[in-house]
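Got chain A; can you put chain B on it based on the hints?
Here are the chains, one letter per residue:
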Amino acid sequence: MIELQAIDKQFGKLKALDSVSATFRLGECIALIGPNGCGKTTLIKSILGMVVPDKGTILFNGKDIRKDWQYRAQIGYMPQIGRYPENMNIGQVLDMMRNIRKENHSQMDEELLHAFQLPSMLDKRMGTLSGGTRQKVSASLAFMFHPDVLILDEPTAGLDPLAAELLKEKIIREKEKGKLILITSHILSELDDLITHIVYMQEGQLKFNKTTDVLREETGEARLSKAIAHIMQKQ
Amino acid sequence: MRKIIKFVIIDILRNKIVIAYTLFLLATSLSVFSLEDNSSKGLLSLLNLILFIVPLVSIIFTTIYIYNSAEFMELLVSQPLRRKNIWLSLFFGLSGSMVLAFLIGSGIPILLHEASPTGFMMIGVGTIITIIFVAISFLTTVYTRDKAKGIGISILLWIYFSLLFDGIVLFLLFQFADYPIEKIMVGVSALNPIDLGRILILLRLDESALMGYTGAVFKDFFGTTIGTSIAFATLVLWIAIPVMISTRKFNRKDL
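Note that the protein sequences, when read in sequence, are chains A and B. The first sequence begins at 1 in my numbering and counts up one residue at a time. The second sequence begins at 1001 in my numbering and counts up one residue at a time.
Do not take every clue at face value.
As the list claims (entries may be wrong) - Quick list of in silico lysine-lysine cross-link-like pairs, DSS-like style, CA-CA up to 25 Å:
no.	chain 1	residue 1	chain 2	residue 2
1	B	K1006	A	K124
2	A	K226	A	K210
3	A	K63	B	K1084
4	B	K1253	A	K13
Calculated from the structure, these hints are not laboratory results.
Pulled out of the complex, with its shape left as it was, chain A reads as follows (with noise of 0.2 Å):
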């Protein structure tokens, strides 16, 4: 589904990706993991067209996404800080997507939308939202067109630990309909019950890319937190 090729970043001095080769397909469910600016989000925005790699080519279903830009319709993003437009309101902002992803009203999935009860406050502005509302708007955009593939930054961060365990659930049903979930997290233990593959990243480069079985195998650990708290002491 996504492939990508010896991806490059440099932002001035820092290497932010240094040739990351990697393949993600429909129904994996991929937890993104490395210290503080390793560059997992960088990889994320490279995905998203957001940010333009120095070097290499990123392929969504076989086509380089240089060349293409309608392939976004089949991600739903959700950021670490959603940002939006500060005097626009929670319902015009939905609209907006609405009407720019141009789907039915009546195809929607606007389960989380209800899940978060946003509905009862669609005229509040953006701006004066907390971190915690503006994360929940952002999850439900994320969802609400039926993508094939879903990218979370951060998630759960900002939820309460509420909202964290709806979106958990969510995710999970979502996982069961063979979508490919690429998530970022630094807590490691929300994650056990959800992933099928580990990609972990320092300075801007791929470590490893494995499935969940065989780093427990390989550690001998049964919690995945262990297993990989025993992998970055070794690094």
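Quick look at chain B alone, frame taken from chain A:
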């Protein structure tokens, strides 16, 4: 693309600055015409006002607006939209609303008091100058990430086009007074859209006699239909080139 233009225009109209700008233009234009008994004189006073204020408001408002829409663009770029369309929609939305403000604020008073070919020319020049300065600020904002720096550059560019350029031209005229540089001056005037606009209007008013021999050379060139067409084509290039360069740059920009 039309949807994004609509969102941009609605957002700008909600912003009260453009409405204040329209009312300001309307008030000054109407009072200038009512102060002068001869409407052709009024047109001359208005010309100087328009060539001073319109570029300033266009370039500063556009620059600040683009920086403030950073979130809006970030949101759109991750959606199935062409980057080129996002950028051009923003350009059409902004230049459309600024032109609308100018047409209501100055166009209507000009039509009321001086509905002559010169009056229409003035409306045309004002419209093009508005779009040119919107285009120039698109160029500055795409190259500078920092908001304060970008606004600073916009102000400097405005000072250059409105004040410094004339000083440089005057300096050259005095330095090379012994040489026949009047013809070169025609070419030099193409380097500043504000000057080009001013010359186009001045030559249609009697005051061009005050410009002496240079004025006569200008009249020879810009007075003809071909000369006027070339001048307008140059003004259009002042829109097209910044828009093209900034679009190309935006296509590869990291957000």
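Now for the hints, and whether the structure bears them out:
For the hint pairing K1006 (chain B) with K124 (chain A), the CA-to-CA distance comes to about 21 Å; that is within 25 Å, so the pair holds. Pair hint K226 (chain A) plus K210 (chain A) holds up; C-alpha atoms about 16 Å apart against a cutoff of 25 Å. Pair hint K63 (chain A) plus K1084 (chain B) holds up; C-alpha atoms about 20 Å apart against a cutoff of 25 Å. For the hint pairing K1253 (chain B) with K13 (chain A), the CA-to-CA distance comes to about 17 Å; that is within 25 Å, so the pair holds.
Hint compliance for this structure: every hint is met.
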